Amino acid sequence: MSELLARNADCIVWLARYMERAENLARILGVAETFARDRAGRNWLAVVQINADEERFFARHRVADARTVPHFYILDPDNPNSILSSVKAARENARTLRPMISIEMWRQINRMNTWMGGLSANAVAPANLVALCEEIKEACQLHVGITEGTFYRDQAHYFYHLGKSIERADQTTRLLDIKYHTLLPRPEDVGSALDISHWNALLKAVAGYQASRRVMAGKITPRSVAAFLLFSDSFPRSVILCVRQMDWLLTQLRSRYNLRGGVRALELLDGLRAALTDHTIDQVIDHGLHEFIDWVQAQLMLIFAEIQESFCVSRQPQASQSQ
Amino acid sequence: MTRPRLTLPEPGLLSGYDPAEFFCEALSLRGDGEAELAAIAARLNALDPEDLRHRAARAEKELFDLGITFTVYSDKDAIDRILPFDVLPRVITAGEWSRLEAGIIQRVTAINLFLADLYGDQKILADKIVPADLVLGNANFHAFMRGLKVPCGTYSHVCGIDLIRDQEGLFRVLEDNARTPSGVSYVVENRNLMLQCFPDLMEDTRVRAVDDYGLMLRRALEEIAPAGVDEPSVVLLSPGIYNSAFFEHVFLAREMGVPLVEGRDLVVENDRVYMLTTAGKAPVHSIYRRIDDFFLDPKVFRPDSMLGVPGLMDAYRKGNVSLANAPGTGVADDKAVYAYMPRVIKYYLGEDAILPNVETFICREAEGLKYTLDNLEHLVVKPVGESGGYGMILGPKASRSEIDEFRAKLKADPANYISQPMIGLSVSPTLTTKGTQPRHVDFRPFAVTGASTKVLAGGLTRVAMKEGSLVVNSSQGGGSKDTWVLAGEGQ
Numbered sequence: 001m002s003e004l005l006a007r008n009a010d011c012i013v014w015l016a017r018y019m020e021r022a023e024n025l026a027r028i029l030g031v032a033e034t035f036a037r038d039r040a041g042r043n044w045l046a047v048v049q050i051n052a053d054e055e056r057f058f059a060r061h062r063v064a065d066a067r068t069v070p071h072f073y074i075l076d077p078d079n080p081n082s083i084l085s086s087v088k089a090a091r092e093n094a095r096t097l098r099p100m101i102s103i104e105m106w107r108q109i110n111r112m113n114t115w116m117g118g119l120s121a122n123a124v125a126p127a128n129l130v131a132l133c134e135e136i137k138e139a140c141q142l143h144v145g146i147t148e149g150t151f152y153r154d155q156a157h158y159f160y161h162l163g164k165s166i167e168r169a170d171q172t173t174r175l176l177d178i179k180y181h182t183l184l185p186r187p188e189d190v191g192s193a194l195d196i197s198h199w200n201a202l203l204k205a206v207a208g209y210q211a212s213r214r215v216m217a218g219k220i221t222p223r224s225v226a227a228f229l230l231f232s233d234s235f236p237r238s239v240i241l242c243v244r245q246m247d248w249l250l251t252q253l254r255s256r257y258n259l260r261g262g263v264r265a266l267e268l269l270d271g272l273r274a275a276l277t278d279h280t281i282d283q284v285i286d287h288g289l290h291e292f293i294d295w296v297q298a299q300l301m302l303i304f305a306e307i308q309e310s311f312c313v314s315r316q317p318q319a320s321q322s323q
Numbered sequence: 324m325t326r327p328r329l330t331l332p333e334p335g336l337l338s339g340y341d342p343a344e345f346f347c348e349a350l351s352l353r354g355d356g357e358a359e360l361a362a363i364a365a366r367l368n369a370l371d372p373e374d375l376r377h378r379a380a381r382a383e384k385e386l387f388d389l390g391i392t393f394t395v396y397s398d399k400d401a402i403d404r405i406l407p408f409d410v411l412p413r414v415i416t417a418g419e420w421s422r423l424e425a426g427i428i429q430r431v432t433a434i435n436l437f438l439a440d441l442y443g444d445q446k447i448l449a450d451k452i453v454p455a456d457l458v459l460g461n462a463n464f465h466a467f468m469r470g471l472k473v474p475c476g477t478y479s480h481v482c483g484i485d486l487i488r489d490q491e492g493l494f495r496v497l498e499d500n501a502r503t504p505s506g507v508s509y510v511v512e513n514r515n516l517m518l519q520c521f522p523d524l525m526e527d528t529r530v531r532a533v534d535d536y537g538l539m540l541r542r543a544l545e546e547i548a549p550a551g552v553d554e555p556s557v558v559l560l561s562p563g564i565y566n567s568a569f570f571e572h573v574f575l576a577r578e579m580g581v582p583l584v585e586g587r588d589l590v591v592e593n594d595r596v597y598m599l600t601t602a603g604k605a606p607v608h609s610i611y612r613r614i615d616d617f618f619l620d621p622k623v624f625r626p627d628s629m630l631g632v633p634g635l636m637d638a639y640r641k642g643n644v645s646l647a648n649a650p651g652t653g654v655a656d657d658k659a660v661y662a663y664m665p666r667v668i669k670y671y672l673g674e675d676a677i678l679p680n681v682e683t684f685i686c687r688e689a690e691g692l693k694y695t696l697d698n699l700e701h702l703v704v705k706p707v708g709e710s711g712g713y714g715m716i717l718g719p720k721a722s723r724s725e726i727d728e729f730r731a732k733l734k735a736d737p738a739n740y741i742s743q744p745m746i747g748l749s750v751s752p753t754l755t756t757k758g759t760q761p762r763h764v765d766f767r768p769f770a771v772t773g774a775s776t777k778v779l780a781g782g783l784t785r786v787a788m789k790e791g792s793l794v795v796n797s798s799q800g801g802g803s804k805d806t807w808v809l810a811g812e813g814q
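Residue numbers (our numbering), protein chains in the order written: chain A, 1 to 323; chain B, 324 to 814.
Honestly, the hints are just simulated from the structure, not real lab data.
Certain hints may be false.
Using 25 Å as the maximum straight-line C-alpha spacing, the simulated DMTMM-like pairs for lysine to aspartate or glutamate come out as follows [to be verified]: (1) K604(B) / E33(A); (2) K137(A) / D456(B); (3) K451(B) / D523(B); (4) K789(B) / D456(B); (5) K604(B) / D553(B); (6) K88(A) / D456(B); (7) K669(B) / E383(B); (8) K720(B) / E491(B); (9) K693(B) / D627(B); (10) K669(B) / D388(B); (11) K384(B) / E92(A); (12) K693(B) / D675(B); (13) K789(B) / E359(B); (14) K88(A) / E700(B); (15) K734(B) / E700(B); (16) K88(A) / E546(B); (17) K384(B) / E54(A); (18) K446(B) / D456(B); (19) K720(B) / D697(B); (20) K734(B) / E790(B); (21) K204(A) / E309(A); (22) K720(B) / E344(B); (23) K641(B) / E491(B); (24) K604(B) / E306(A); (25) K88(A) / E344(B); (26) K446(B) / D697(B); (27) K384(B) / E135(A); (28) K641(B) / D440(B); (29) K384(B) / E306(A); (30) K137(A) / E385(B); (31) K219(A) / D278(A); (32) K669(B) / E682(B); (33) K777(B) / E385(B); (34) K693(B) / E344(B); (35) K604(B) / E104(A).
To spell it out: a stretch of chain B is covered by chain A in this simulated footprint if at least three of its residues, at any positions, have a beta carbon under 8 Å from a beta carbon of chain A; those stretches are [said to hold, decoys possible]: (36) 378-389; (37) 577-587; (38) 673-686.
Since the structure is predicted, the reported quantities are computational estimates derived from the model, not experimental observations.
Just so it is clear, CB atoms sit at the ideal spot from N, CA and C, and this is done for glycine as well.
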């Protein structure tokens with residue numbers, strides 16, 4: 001079976017996106033506690049803002065605090081962005097894909113979904129939150145490892161990684177944006193122990209702490225961290241690395257499997273890569289980091305829409321999955 | 324008369340196990356394979372109940388983790404349930420199997436000849452072997468199939484014959500499933516589970532493999548592909564993940580190594596079928612469809628069907644795509660037509676049926692109706708159009724008022740019913756909360772027909788998990804067992 005059904009390509013992209021999304025959210029929640037420690041819990045709000053969920057969140061909760069936010073993002077079945085919902089959606093996609101994915105991949109996602117569904121409210125209580133986030137993250141990483149070791153490397157594999165890269169780039173920009181703006185320290189706090197600890201927490205959230213220590217040689221500044229997350233050629237979650245990866249994957253799909261679509265997506269990726277390589281962090285920040293990030297996110301959405309339009313269209317649209 | 328049985332040393336897993344007047348699949352002698360039966364029974368008897376329970380729990384967990392489930396929809400939720408799996412296998416000896424296999428091939432051959440005739444010259448109707456109105460008035464008889472030549476003359480490519488065993492140990496056909504019989508995935512997955520959880524039990528037993536089913540099926544689908552196609556593209560057409568049998572569709576697509584498509588993945592252009600892939604349209608030649616006739620093509624059948632493919636029947640009529648099973652096979656597995664099957668076999672093959680029917684009274688005939696009404700409390704009465712064990716009554720187990728209520732229904736619409744004597748189904752030792760107990764079982768082997776008919780050396784043994792119950796349907800709490808067909812000399 002060398003062909004890949006357009007509908008299955010869509011499911012694969014989304015399977016990867018949902019699992020990546022679940023992992024990122026667990027990462028953010030796992031360190032949010034550090035953000036929140038000093039400012040009377042105010043920074044739990046940041047998590048809501050990262051995900052642009054203010055409206056939905058405040059329709060359900062009065063305050064964003066250590067009780068409401070983790071519940072909303074981990075266990076709330078009515079929040080389409082919760083980890084529970086993401087894993088469930090990943091599992092539904094995996095169910096459709098079962099004849100193609102390995103039995104081990106299916107079994108692990110299925111088990112993770114069952115496990116998540118059985119969690120009680122107590123599992124997200126402050127005393128248990130970090131441990132739970134760790135467990136979720138590891139379950140997601142188990143998925144990644146099983147996929148690496150068992151998923152047959154044909155077209156489907158390329159689409160899987162396309163979905164993963166696009167979600168990862170998106171999540172990294174969200175995280176950076178929120179730190180830079182919502183957590184923007186008061187002028188007197190810049191360079192303070194509190195400020196540094198925020199940046200450290202952010203780096204931990206993206207698993208970039210050790211690497212950044214080595215690379216930045218102790219000079220942790222907002223600019224150096226932003227540059228690391230946007231431009232690092234070696235950090236697996238940097239935006240430029242994800243963009244390069246997507247470009248390579250699309251090119252491979254076109255050359256190895258003779259797929260004709262995707263030209264416009266490649267052009268957009270080219271523009272995005274140029275914007276990321278042709279600017280220094282000073283230029284970006286002087287022109288407005290938030291505006292830059294907004295533009296990057298908009299480009300990622302356009303690229304994803306192009307990929308879906310080119311490769312993933314079946315006769316009747318399926319119920320749309322969430323962006 | 325009950326058959327003699329093996330006796331086992333005590334104490335053992337089967338101490339206190341009493342099949343009463345029923346034929347026991349593990350212990351009753353059948354004039355064949357006595358030594359092998361005794362060896363397996365001894366091995367089962369030697370199992371430690373605690374250990375067995377432990378392993379059974381592990382097997383159930385594995386089924387759940389693997390999502391080997393069917394979906395039950397309630398108002399609020401979709402619940403994934405596993406088909407309860409009983410770890411004590413059911414054994415069929417080599418001699419029994421060769422007779423079963425011959426009987427199934429004979430029956431499937433007759434069914435295909437019957438369908439070819441019904442959609443051809445209709446000689447059997449002209450010769451009044453089967454009443455014409457029974458066929459022509461049947462909702463599953465599709466006039467547009469008449470005169471159409473199907474590849475290999477095969478209509479029912481996948482056929483599941485439901486068998487039961489009576490008190491004397493005689494296998495009888497209870498029902499033909501010539502449309503889209505399900506359950507074969509459990510045959511293979513139950514075996515995988517047994518190999519995983521009971522490697523010691525299976526060691527040195529000469530049990531025939533069942534894992535070649537996917538290849539059998541794929542080969543048949545390639546054999547029936549339109550003439551002139553060198554490398555036919557085969558797909559499995561499913562209604563999608565909300566279908567309760569979706570697991571089986573996944574299983575079959577995986578085992579065949581073919582794409583699992585839904586209607587929305589297919590288009591018809593110039594009377595040819597294509598699937599929509601990342602590279603554009605790719606041709607499709609053979610479709611194993613797990614969608615009912617009436618949903619196949621909204622241009623021909625139900626216009627509101629979102630599951631089907633507009634234009635599919637045009638492509639089929641032009642011979643550009645093959646469908647398994649062919650549309651209109653439902654006329655052959657109708658419960659009323661079933662009663663005529665022994666005569667159908669005789670008519671086409673000039674042979675007596677190797678596997679007898681259960682004696683059947685046809686309520687559309689005055690004589691049958693009278694007998695049924697006079698003997699309701701001794702008979703099983705079934706509606707002809709239902710499956711899954713719904714709408715039937717077990718006379719000997721029904722109350723006075725239930726029987727009276729049913730009598731009214733039967734009189735109002737006699738043509739909708741057939742009746743049969745209540746058969747004391749065979750039993751098989753089954754692990755229950757009360758220890759090892761006899762539970763009634765049936766058997767569904769699967770036959771695959773492309774250019775010729777092959778029978779998978781195994782089948783689905785369904786078991787009524789409730790004490791005394793004769794209803795084995797999964798929708799009514801039935802479970803399943805691994806079925807061991809023992810190899811004969813040279814197999």
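Hint by hint, here is what the structure shows:
1. The suggested pairing of K604(B) with E33(A) is violated, with an alpha-carbon distance near 51 Å, which exceeds 25 Å.
2. At most 25 Å may separate the alpha-carbon atoms for a hinted pair to count; K137(A) and D456(B) exceed this at roughly 65 Å.
3. A hinted pair counts as satisfied when its Cα atoms are at most 25 Å apart, and K451(B) with D523(B) does not qualify at roughly 56 Å.
4. Of the supplied pair hints, the one linking K789(B) and D456(B) is violated, its CA atoms being roughly 40 Å apart against a limit of 25 Å.
5. Distance check on the hinted pair: K604(B) and D553(B) sit about 18 Å apart at the alpha-carbon level, within 25 Å; holds.
6. This hinted pair does not check out: K88(A) and D456(B) have alpha carbons roughly 51 Å apart, beyond 25 Å.
7. Among the hinted pairs, K669(B) with E383(B) is inconsistent with the structure: their alpha-carbon atoms are about 45 Å apart, more than 25 Å.
8. Taking the CA atoms of K720(B) and E491(B), the gap is near 22 Å; set against the 25 Å cutoff, the hint holds.
9. Between the alpha carbons of K693(B) and D627(B) the distance comes to roughly 42 Å, so the proposed pair goes past 25 Å and is violated.
10. Proposed proximity of K669(B) and D388(B) is contradicted: the alpha carbons are some 48 Å apart, above 25 Å.
11. Between K384(B) and E92(A), the direct Cα distance comes to roughly 20 Å. Compliance with the 25 Å bound is thereby established for this hinted pair.
12. Distance restraint check for K693(B) and D675(B): the Cα-Cα separation of roughly 28 Å exceeds the 25 Å cut-off, and the hinted pair is therefore not satisfied.
13. For the hint pairing K789(B) with E359(B), the CA-to-CA distance comes to about 29 Å; that exceeds 25 Å, so the pair is violated.
14. The straight-line distance between the Cα atoms of K88(A) and E700(B) is roughly 50 Å, outside the 25 Å bound, and the hint therefore fails.
15. For the proposed pair K734(B) and E700(B), the alpha carbon gap of about 15 Å is at most 25 Å, so the pair holds.
16. The straight-line distance between the Cα atoms of K88(A) and E546(B) is roughly 40 Å, outside the 25 Å bound, and the hint therefore fails.
17. Taking the CA atoms of K384(B) and E54(A), the gap is about 40 Å. The hint is violated against a cut of 25 Å.
18. Simply put, K446(B) and D456(B) have alpha-carbon atoms about 14 Å apart, close enough for the 25 Å limit, and the pair holds.
19. Our distance criterion of 25 Å between C-alpha atoms is met by K720(B) and D697(B), whose separation comes to about 16 Å.
20. About 32 Å separates the Cα atoms of K734(B) and E790(B), which puts this hinted pair outside 25 Å; it is violated.
21. Proposed proximity of K204(A) and E309(A) is contradicted: the alpha carbons are some 36 Å apart, above 25 Å.
22. For the given pair, K720(B) sits about 17 Å from E344(B) by alpha-carbon distance, which is consistent with the 25 Å threshold.
23. Among the hinted pairs, K641(B) with E491(B) is inconsistent with the structure: their alpha-carbon atoms are about 51 Å apart, more than 25 Å.
24. For a cut-off of 25 Å, the pair hint linking K604(B) to E306(A) stands: about 19 Å separates their Cα positions.
25. Simply put, K88(A) and E344(B) have alpha-carbon atoms about 50 Å apart, too far for the 25 Å limit, and the pair is violated.
26. For the hint linking K446(B) to D697(B), the alpha-carbon distance of about 35 Å lies beyond 25 Å, and the restraint is violated.
27. Between the alpha carbons of K384(B) and E135(A) the distance comes to roughly 21 Å, so the proposed pair stays at or under 25 Å and holds.
28. This hinted pair checks out: K641(B) and D440(B) have alpha carbons roughly 20 Å apart, not beyond 25 Å.
29. Between K384(B) and E306(A) the CA atoms are separated by roughly 42 Å; this puts the pair beyond 25 Å, and the hint is violated.
30. Annotation: proposed proximity of K137(A) to E385(B) holds, straight-line Cα distance about 24 Å (limit 25 Å).
31. Between K219(A) and D278(A) the alpha-carbon distance is near 23 Å, which keeps this suggested pair within the 25 Å criterion.
32. Under the criterion of a C-alpha separation no larger than 25 Å, the hint pairing K669(B) with E682(B) is consistent with the structure, at around 17 Å.
33. At most 25 Å may separate the alpha-carbon atoms for a hinted pair to count; K777(B) and E385(B) exceed this at roughly 31 Å.
34. Proximity of K693(B) to E344(B) is assessed by CA-CA distance (about 30 Å); at most 25 Å being required, the pair is judged violated.
35. As the CA atoms of K604(B) and E104(A) are separated by approximately 31 Å, the hinted pair breaks the 25 Å bound.
36. Judged by the Cβ-Cβ criterion of 8 Å, the stretch 378-389 of chain B is covered by chain A as claimed, because 3 of its residues qualify and three suffice.
37. A stretch counts as covered by a chain when three or more of its residues have a beta carbon under 8 Å from one of that chain; for the stretch 577-587 of chain B and chain A the count is 9, and the coverage holds.
38. Counting residues of the stretch 673-686 of chain B whose beta carbon lies closer than 8 Å to any beta carbon of chain A gives 0, which falls short of the minimum of three for the stated coverage.
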